[in-house]
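Enquirer: Going down the list, the protein sequences come from chains A and B. Following the numbering used here, the numbering of the first sequence begins with 1 at its first residue and continues without gaps. Following the numbering used here, the numbering of the second sequence begins with 1 at its first residue and continues without gaps.
Simulated from the structure, these hints should not be mistaken for lab results. From a predicted model like this one, the values you see are computed outputs, not experimental measurements. We put the CB at the ideal spot given by N, CA and C, even for glycine. Check before you lean on any hint, since a few could be wrong.
[Claimed, not checked] Sample of chain B residues with no beta-carbon within 10 Å of chain A, all distances over it, derived:
#1 55
#2 94
#3 174
#4 262
#5 407
#6 560
#7 561
#8 564
#9 656
[Unchecked claim] Here are the simulated lysine-lysine pairs, DSS-like style, with alpha carbons at most 27 Å apart:
#10 B/648 to A/153
#11 A/85 to B/648
#12 B/557 to B/591
#13 B/66 to A/3
#14 A/3 to B/132
#15 B/83 to B/58
#16 B/395 to B/407
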Amino acid sequence: MAKQHVMTTINDNAVEFLCDMHQTMLDVLRDELHMMGTKEGCGTGDCGACTINVNGRMACSCLMLGAEAQGKTITTVEGIAQSDKLHTLQRKFIEHAALQCGICTPGMLVAAKTLLDKNKNPTEEEVRYWLAGNLCRCTGYNAIVTAVLDAAKEMRGA
Amino acid sequence: MSAVVSEKKLKVVGTSPDRPEGVPKVTGQAQYGADWTLPGMLWGKILRSPHAHARIRKIDTSKALKLPGVKAVVTGADFPEQKFEYVGAARVALNFWHITRNVMAKEKALFEGHPVAAVAAASPLIAAEALKLIEVDYEVLPHVIDVEEAMKDNAPLLFEDMIPRGYTPEATKPSNISKRVDFKIGDVDAAFAQADEVIEAHFKTAPVHQGYLETHACLVRTDADGQAECWSSSQGHFAVRNLTAKITGTKVADLRCHAAEIGGGFGGKTVVYVEPVALMLSKKSGHPVKIQMNREEVFKATGPTSGASMTIKIGVMRDGKIVAAEGIFKYQAGAFPGSPVMNGCMCSFAPYDIANVRTTGYDVVCNRPKTVAYRAPGSPISAFAAESALDMAAKKIGMDPIDFRLKNIAKPGTPTVFGTKLAFNGFAETLQALKAHPAYANPPKGKNQGRGVAAGYWFNGGGESSATVSVNEDGTAVVCTGSPDIGGSRATTAQMAAETLGIEYERVRPIIADTNSVGFTQTTGGSRVTFATGMTVINACNKVIEEMCKRAAKIWKIEPENVVWEDGSARPAGKRAGEFPPLSFREIASKRTATGGPITAAASINAEGQAPGFTAQFADVEVDPETGLVKILRYVAAQDVGRAIHPKYCEGQIHGGVVQGIGWALNEEYIYDKNGRMENAGFLDYRMPVASDLPMIEAVIVEVPNPNHPYGVKGVAEANIVPPMAAIANAVQNATGKRINELPLSPPRVLAALDS
Ligand code: FES
Ligand code: FES
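Please build the complete structure, drawing on both the sequences and the hints.
Expert: Spelled out as structure tokens, the structure:
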């Protein structure tokens with residue numbers, strides 16, 4: 001079957017790729033574009049490790065087809081830092097030890113950034129519910145929730 | 001004896017610096033098992049048995065091999081036969097006849113998901129197509145899932161010739177019981193006869209999966225001369241090397257294994273599944289081969305820890321003294337022998353001074369995936385039963401659960417059921433710390449609310465570790481160890497190196513070297529790394545210091561015995577004291593060429609003197625009478641870590657272990673249909689805790705230093721998962737008046753108990 005030609009924007013760069021119709025966006029990112037930052041934890045939309053931002057909304061890249069990227073604006077974990085400057089969330093994740101193994105971290109960061117883009121001052125409960133689709137087996141979530149709240153605080157200039 | 005460096009002198013140990021591999025992990029650059037690729041790489045996929053139990057009559061791979069893009073197919077016949085023998089200490093004995101069959105079935109498929117064949121192809125899609133073309137002729141056999149069922153005389157046998165070990169007189173009839181173990185001190189029957197009260201209860205736990213977010217993945221390349229290289233996510237790349245070499249018939253020195261970044265293990269990545277298969281496929285095809293499991297494969301064919309069926313009996317006097325205890329523990333081993341039942345027998349009553357104890361364990365095979373270590377393997381299971389029964393006993397005589405435990409506490413010198421005497425303090429301090437928590441005085445008072453207390457014990461580990469320390473001309477140092485970093489060990493080893501050398505943490509770069517670049521190092525597990533690998537790093541640093549002092553002596557043209565190392569500098573001492581200004585680490589490092597060449601030291605150790613970890617925890621819960629949902633209102637966990645090298649990571653280990661325990665207590669279980677097929681092999685139906693299920697877990701670090709480690713380390717990663725199941729069951733009892741002795745305490749089960 002002929003491959004699909006897709007033009008999209010990933011982390012502020014115009015990107016073109018060819019993909020099979022069945023290929024998920026996660027597969028395209030990892031296997032075609034060699035962007036290995038986005039992780040697969042389940043492939044069924046249940047863990048959030050593959051979370052990317054598509055047109056301002058959180059999406060599981062394992063549930064999205066590569067072909068659906070056409071014309072979209074996508075951010076992955078590789079696009080969160082500004083050149084050599086870490087995003088506040090990234091710094092706070094390291095500072096608060098919000099990662100142990102770090103496999104959930106790319107998805108967590110993209111999800112948390114999507115939250116803070118919309119809500120500058122979330123409560124602990126809002127953070128916990130927003131991140132409820134992102135599994136972490138290492139941290140028990142304490143440090144992740146703390147890091148997100150602290151990042152929000154610093155970003156508000158409080 | 002106290003060789004432990006006093007707290008006052010410490011500069012780096014006891015602080016919480018950023019992790020050295022933090023930036024690659026937050027920017028998506030860190031390379032985990034599935035993130036490695038090579039030119040010409042093929043994709044490997046594994047065909048798995050759809051049956052829980054079946055004889056494999058014939059496998060026809062000819063059609064698959066003809067599919068364009070398929071480069072190799074392997075089956076059990078490709079793997080060399082292994083000798084049937086149990087090797088190594090009883091607690092962790094290996095039998096390669098079993099191990100090779102777990103990697104690839106030979107005569108029989110023993111669980112749904114058991115690998116029966118594998119292919120390597122040019123794309124994942126072709127590999128998946130090829131699997132469908134492999135024809136396996138199965139003779140489906142009756143299966144058995146439940147441990148009690150598997151022990152019955154008429155149960156279907158997984159191995160027709162397996163005679164149970166550990167019976168006197170010796171057993172003669174084949175059975176699914178692989179082994180019986182028993183431990184005893186004192187006169188248990190007489191003590192029960194004298195007890196004021198005797199509590200007896202039966203308990204069941206469900207098998208639970210380690211639940212690491214990263215599925216198993218590896219990349220293997222082979223050369224025509226037999227050499228091979230492997231990148232895989234594991235807790236021990238040396239174990240990967242040794243197991244894979246043996247299973248595939250490769251020379252150990254010819255297999256170079258790299259530790260990929262690991263996306264969680266918790267004990268589950270201490271064995272091999274995909275590496276030997278990828279190696280065989282690579283050998284046959286002449287291409288590098290990558291295999292990455294999907295989540296369903298992880299659930300059906302890896303992990304979990306045992307489910308169990310247990311009976312506990314406790315004899316207690318009215319003043320609170322426990323006089324007798326008995327535990328019968330039946331653990332599922334899964335498809336091959338080797339559950340952690342021996343640990344269960346040893347740990348269950350270990351925190352207590354009980355003169356008369358008997359524990360008996362049964363290791364039982366059944367048609368489920370072979371169990372693998374899970375955080376403090378074996379201990380949480382038996383502790384659920386023992387600590388629930390202790391709660392019943394405390395209630396019966398009307399004592400506070402912490403006071404009850406304090407009254408019966410094991411101290412240095414207390415004999416254990418497994419023969420040795422306890423040699424370390426820590427449990428009393430831990431219980432007292434929990435009791436001193438401000439919330440302890442205020443138990444929840446709302447409707448349907450309650451509190452439960454439980455404690456836990458774990459051996460912690462020592463063992464073999466190696467390290468090399470190399471000094472660079474700019475005064476930095478590279479520390480290579482063989483321990484994959486699963487919980488922050490790069491940071492803690494760098495801290496201990498910096499502390500010992502007397503330089504800043506930022507000047508130490510910790511690296512995990514591959515198996516051909518550093519000495520043998522046992523797997524990261526058993527909470528052994530900060531203790532054992534830490535010690536070998538400290539030893540290597542001390543050798544570097546010795547060499548640095550020699551170099552300073554050379555520069556000063558004085559005798560080396562008149563040089564001491566203090567605060568990161570060499571100083572003239574003795575009769576030379578004060579003759580020269582000190583030379584810093586950096587200054588000596590910069591003069592290495594002129595003073596004798598590279599400064600580097602290697603050290604290896606088989607560390608002994610590890611001290612057990614104690615923990616005591618309480619859970620406050622609220623039970624919804626309409627739905628049966630148990631909500632955790634507050635959770636406090638105190639744990640003796642020896643000394644916290646990195647307090648924040650110690651807390652993180654406690655948070656993580658407790659939350660895994662909460663999942664174990666409330667939701668996680670394997671659900672099988674009548675054909676022995678797992679019905680909930682995904683994160684939607686195998687429900688692990690999510691952020692919105694939980695409050696902040698409160699960790700209380702207790703520090704009773706281990707005198708056998710220079711910085712007092714005991715270990716932190718495991719004991720924390722031992723008490724939550726009992727703590728929560730005790731809390732639910734307290735909240736509702738109903739004791740539920742079977743896990744998980746899922747809404748339907750709680751509701752049924754409320755209605756009973
Ligand atoms: S991999 Fe997409 S949600 Fe788990
Ligand atoms: S840090 Fe390991 S899964 Fe979150």
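Enquirer: Against this structure, judge whether each hint is valid.
Expert: We went through each hint and held it up to the structure:
1. Every CB of chain A lies more than 10 Å from the CB of residue 55 of chain B, the least distance being 32 Å, so the non-interface label holds.
2. Distance check on residue 94 of chain B: its Cβ is at least 26 Å (rounded) from any Cβ of chain A, clearing the 10 Å threshold; non-interface status holds.
3. Residue-level check passed: residue 174 of chain B sits 39 Å from the nearest beta carbon of chain A, beyond 10 Å.
4. The Cβ of residue 262 of chain B does not lie farther than 10 Å from every Cβ of chain A; its closest approach is about 6 Å, which violates its non-interface assignment.
5. Interface exclusion of residue 407 of chain B from chain A stands, the closest Cβ pair being 31 Å apart, more than 10 Å.
6. No beta-carbon of chain A is positioned within 10 Å of the beta-carbon of residue 560 of chain B; the least distance is around 42 Å.
7. Look at residue 561 of chain B: its CB is around 44 Å from the nearest CB on chain A, clear of 10 Å, so calling it non-interface holds up.
8. With a minimum CB-CB distance of about 36 Å to chain A, residue 564 of chain B clears the 10 Å threshold, and the non-interface call stands.
9. At the 10 Å boundary, the C-beta of residue 656 of chain B falls inside the reach of chain A, the nearest C-beta of that chain being 5 Å off.
10. Among the hinted pairs, residue 648 of chain B with residue 153 of chain A is consistent with the structure: their alpha-carbon atoms are about 21 Å apart, no more than 27 Å.
11. Annotation: proposed proximity of residue 85 of chain A to residue 648 of chain B holds, straight-line Cα distance about 24 Å (limit 27 Å).
12. Pair hint residue 557 of chain B plus residue 591 of chain B holds up; C-alpha atoms about 14 Å apart against a cutoff of 27 Å.
13. In summary, the hint linking residue 66 of chain B to residue 3 of chain A is supported, as the alpha carbons are separated by about 24 Å, within the 27 Å threshold.
14. For the proposed pair residue 3 of chain A and residue 132 of chain B, the alpha carbon gap of about 24 Å is at most 27 Å, so the pair holds.
15. Restraint check: the Cα-Cα separation between residue 83 of chain B and residue 58 of chain B comes to about 23 Å, which is no more than 27 Å; the hinted pair holds.
16. Note on residue 395 of chain B and residue 407 of chain B: the hinted pairing holds, with a Cα-Cα distance of about 15 Å set against a maximum of 27 Å.
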